[in-house]
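Q: Chains as they are written, first to last, in our numbering: chain A, 391 to 603; chain B, 391 to 603.
A few of these clues could be false.
Where chains are identical, the list cannot tell them apart; a pair therefore holds if satisfied intra-copy or between any two copies.
To be verified - With a straight-line cut-off of 27 Å between C-alpha atoms, the simulated DSS-like cross-links for lysine-lysine are: (1) 439 x 404; (2) 536 x 440; (3) 404 x 462; (4) 404 x 440.
None of these hints come from the bench; they were simulated from the model.
Protein chains: 2
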Amino acid sequence: MSLLQVALDFLHIKDALNIASLTYQYIDIIEAGTPLIKSEGVRVVETLKKNFQEKNIFADLKIMDTGALEAKMAFDAGADLISVCAQASVETITGAIEETRRQNKKIVIDLIGSRDWLYRSREIQYLKPDFFCIHISLDEQRKCKKTFSGLENYTKEIQIPFCIAGGIKPEDIPLIMPFQPFIIIVGGYIIKAEKPDEAAKTIKEAIINWKPQ
Amino acid sequence: MSLLQVALDFLHIKDALNIASLTYQYIDIIEAGTPLIKSEGVRVVETLKKNFQEKNIFADLKIMDTGALEAKMAFDAGADLISVCAQASVETITGAIEETRRQNKKIVIDLIGSRDWLYRSREIQYLKPDFFCIHISLDEQRKCKKTFSGLENYTKEIQIPFCIAGGIKPEDIPLIMPFQPFIIIVGGYIIKAEKPDEAAKTIKEAIINWKPQ
């Protein structure tokens, strides 16, 4: 069964705490978004962990350098999962993975910016991350350029579990569930909703109720 | 004449303020490093600007998504220059550049993670950043993999001014000066020195006293 992660892409911790409180019961993983970490600092991870101890906290660091240092910083603050960019050097990805193993936590290699998800995953799967993240960036979503087509080929070849992110709405759930994403990451549909709790519930139910045809 | 930028790659603002105070007179641009921003939040930029008003402050955001949002966040905090990753999508780079133009500030496209600096610069130079940054990551430096060879070919073709970063020491200055970098970024050699002020002075003098053969 796929887990649901809410991406708290805010600039202020109070907005993040508000949405996390509202959607709490439908969410498996709470994400401290990249802009939130850069705006408020890694203490947002500490605050989220303190307030939602039973939830996994994902620190979306999108590491591009100093892999071990940034990974340790986030784990010290209470993160359960972190992200490193697939576009970082192999040395940086390796540093972040090694620190994750030392801490017995989890790491996602985020394919954001990779023009070919399958090609880049093929190149670096030997590094054995816990997950890849197939990711259409927020800026790309605005231009409506990329789609999730290609998931079938991707999952046929890449055996490492994957997360999926990028403007996901309830109607996308039946299109991606056949490929068994480990984590489905939803931002805007929940955090910009008039009723974020209902939006989270709708997505969660779409995931739970999905059945193979 | 090339400008000297000190990269304050710390986790705590007090260390950054300490080195900035010590090296102040030799430095043209003060960089709030990526780990520092992620650790303490963008308020470090505000603190540096407040303490060193006559200096340019570079916020090393290494943006990978939400280009306009993160750019605005840093400029609001007082940054004069920011960075976006060359490995981000064109949409993200464009968003960051457009926000930079609105604010009448400067932007660097950081080539970190690009396996071929010239190839990637060629692809995206039409976006007209103020600078490219030729950058060997800290993690790559530890493995001694990359070098700055290729600067001659690069500068023959790419007309956009460039910054250069990656383990630069005094002995590297004569090797890079012939290619007229706009900004020389030095981290470890200064910030890890026993006497950071003397290290900064040594680099600054190497830049000032360099003469074409």
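Q: Against each hint, give a clear statement of whether it holds in the structure.
A: Checked hints:
1. 439 x 404: both (14 Å within a copy, 26 Å between copies)
2. 536 x 440: neither (37 Å within a copy, 42 Å between copies)
3. 404 x 462: For residue 404 and residue 462, the Cα distance is within 27 Å both inside one copy (25 Å) and across copies (20 Å).
4. 404 x 440: Result: close both inside a copy and across copies, 14 Å intra and 26 Å inter.
When each numbered hint is compared with the structure, a violation occurs for hint 2 only.
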